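**Student:** Chain residues, written in single-letter form:
4 protein chains.
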Amino acid sequence: MAVPEKAATRPGGRRRPGPARRPRPGEDRLRETTVRWLADRGVSLEDIGNIVLEIQAPFYDSLTLNECVESVNRVIDKREVQHAVITGIALDILAEQGKLPEPLQGTIIRDDSLFGIDEVLALSITNVYGSIGLTNFGYLDKVKLGVIARLNGRGPHCHTFLDDLVAGIAAAAAARIAHTRGHD
Amino acid sequence: MAVPEKAATRPGGRRRPGPARRPRPGEDRLRETTVRWLADRGVSLEDIGNIVLEIQAPFYDSLTLNECVESVNRVIDKREVQHAVITGIALDILAEQGKLPEPLQGTIIRDDSLFGIDEVLALSITNVYGSIGLTNFGYLDKVKLGVIARLNGRGPHCHTFLDDLVAGIAAAAAARIAHTRGHD
Amino acid sequence: MAVPEKAATRPGGRRRPGPARRPRPGEDRLRETTVRWLADRGVSLEDIGNIVLEIQAPFYDSLTLNECVESVNRVIDKREVQHAVITGIALDILAEQGKLPEPLQGTIIRDDSLFGIDEVLALSITNVYGSIGLTNFGYLDKVKLGVIARLNGRGPHCHTFLDDLVAGIAAAAAARIAHTRGHD
Amino acid sequence: MAVPEKAATRPGGRRRPGPARRPRPGEDRLRETTVRWLADRGVSLEDIGNIVLEIQAPFYDSLTLNECVESVNRVIDKREVQHAVITGIALDILAEQGKLPEPLQGTIIRDDSLFGIDEVLALSITNVYGSIGLTNFGYLDKVKLGVIARLNGRGPHCHTFLDDLVAGIAAAAAARIAHTRGHD
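Residue numbers (the numbering used here), protein chains in the order written: chain W, 1 to 184; chain Y, 1001 to 1184; chain R, 2001 to 2184; chain S, 3001 to 3184.
Hints listed in this document are in silico derivations from the structure and should not be mistaken for laboratory results. Mixed in with the good hints, there may be bad ones.
[Stated by the list, open to error] DSS-like mimics (lysine-lysine), calculated; alpha carbons at most 27 Å apart, straight line: (1) Y:Lys1099 - R:Lys2142; (2) W:Lys99 - S:Lys3099; (3) R:Lys2144 - S:Lys3099; (4) S:Lys3144 - R:Lys2142; (5) R:Lys2142 - S:Lys3099; (6) W:Lys144 - Y:Lys1142; (7) W:Lys142 - Y:Lys1099.
[Claimed, not checked] Under 10 Å between C-beta atoms, here's a sample of chain R residues computed to sit facing chain Y: (8) Thr2033; (9) Ser2062; (10) Leu2063; (11) Thr2064; (12) Asp2111.
Predicted model only: the values in this text are computed from it and were never measured. Ideal Cβ placement from N, Cα and C applies to all residues, glycine included.
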């Protein structure tokens, strides 16, 4: 797979506080790989932030793209999210390369409407900020705002998982903003 | 609570086959109570069937309201669904009557946007026909088609749970149609 | 319900960082109410911490009760968790007082084995630290360690929801320790 | 992958009734593939039935292995279950063959305790018969009854997903028995 590993260089690291918290080798690498794989598949964190801004702006006057991208970053900090993204994109890429066993290969390449494992992975992302993200996940998955539409009107690429993953991340980031801001 | 119990008179019963399957006392009553409580709160199975028809008609030319209502009936057959509906409506009614302890009373009466337990119950409904219903659930919860809109533009009633429950039932019934019809 | 509200006095407050983060009126109160309701129903955070210690000690030599209770505190910080606990305990208390409509009243009082809404609420708690808590939740719900057994061998009280909620909190706190400590 | 496709020859087919129900090409093949992949990885439906019998026998005196295997068969009938099994086993096999991109390859081969995607897939299986299966899923995943233990004490094979999938199927089949038999 054309996704080379290189040493993680991300400065700063995670912000979760607590006494037992220390960055560990491999951890930042997983986060960095997640961001890089998204970028390699055509999705920047700003793309996702723009979706968050579009769905949350009606509720928060002062909301900025910056705050939305920051929220996307906090979602991507979560290991559960990293694992879901990596697994889903790997399946997309393997399908693209024709390397999955049948009938899984055909199911994923065709984005079979009865295949729900992409939604299952996305839900595990949305859940990290609780169930209030569910509504936005479903809505985004249906109306396909921003980069999600671009992924769906795809050319040579298979984005069966990626569009749901992006909707899941955006929905979680929107839920995080709601939880953080509360009732402004 | 003004929801009187009477003996279940539903003829016919469940259609799930299998050797160990027999109707049991109390079972039909739970189903019947579920349908009656929905009706008492202003929601008929046909109302829900109409939502299903609206979201699935674009995909299946020959789909009729009849088939949609039949699908809603199969969803309502599931005990998990019955329990979720009964629990949610009971909470709505108790909130309406001011009988819940604070702060739960205020949270439910206001339909607090950070309260996600209504979505949690609805998800347990949607899941009975698998994850492909997730998208429609979220979409319905956001755009509020048909009877769901009516519930939201409420007068004296509290429908914090009910609108999500209805969206969950409709999404499950739509998923069931997709699974049953497959790739027409 | 004999659960009086008083002004929250919890010092320190939440530790989640981020620019938009400010404590809000009502927020600390919801957290404080959650802890108080658990205590009123016979469950201290230390009780839950002891369960966490029992299931995680085999994996982490240096794990202390202190760290486990701290982890329980972080789980209780989450609004999704607070809402699930408050909703579940309210249903237990209303059932105890005979104030729920039938058939829900009987279902909850008997802790009907086919009623899964208690598990549904507990799952929404466990999910806040991702799916790795699922295994411990199910295990705890089956073997009923520590305070969970005490709740089950109940006297006059109805703890249909509470035992699952406690298992869910303990499982989430254990998952949080695993995520925080990583591969020690 | 050494899992050859051949035309499905399964006689009889699904038993779900209803007017719109017709077997479709490809559908029986997916079911048949699911059963064959499980067998190729060392798991028969009787193996899973034995687990179901072990956890449910204490509750139902007359329960037979036959009824348990029948219940496993009904769980395997569900397309959501088939997709989860096929996806999980494909990932196990690809990991075994070293064909996944890093860091996913290493994560799955090591059965990293912080990787929860196997639980996420298994949960989507357990959910098809509602949330009452959650407890048994977690319990089975922890104590590893029957064939699950054998999968875990593995030789050359990678069963990171398979052990959870089997626990998920067994838990769903047990939940189905509970729902079908009710309060015997």
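**Student:** Would you pick out the hints that fail for this structure and give their numbers low to high?
**Tutor:** Of the numbered hints, 1, 3, 5, 7, 9, 10, 11, 12 do not hold.
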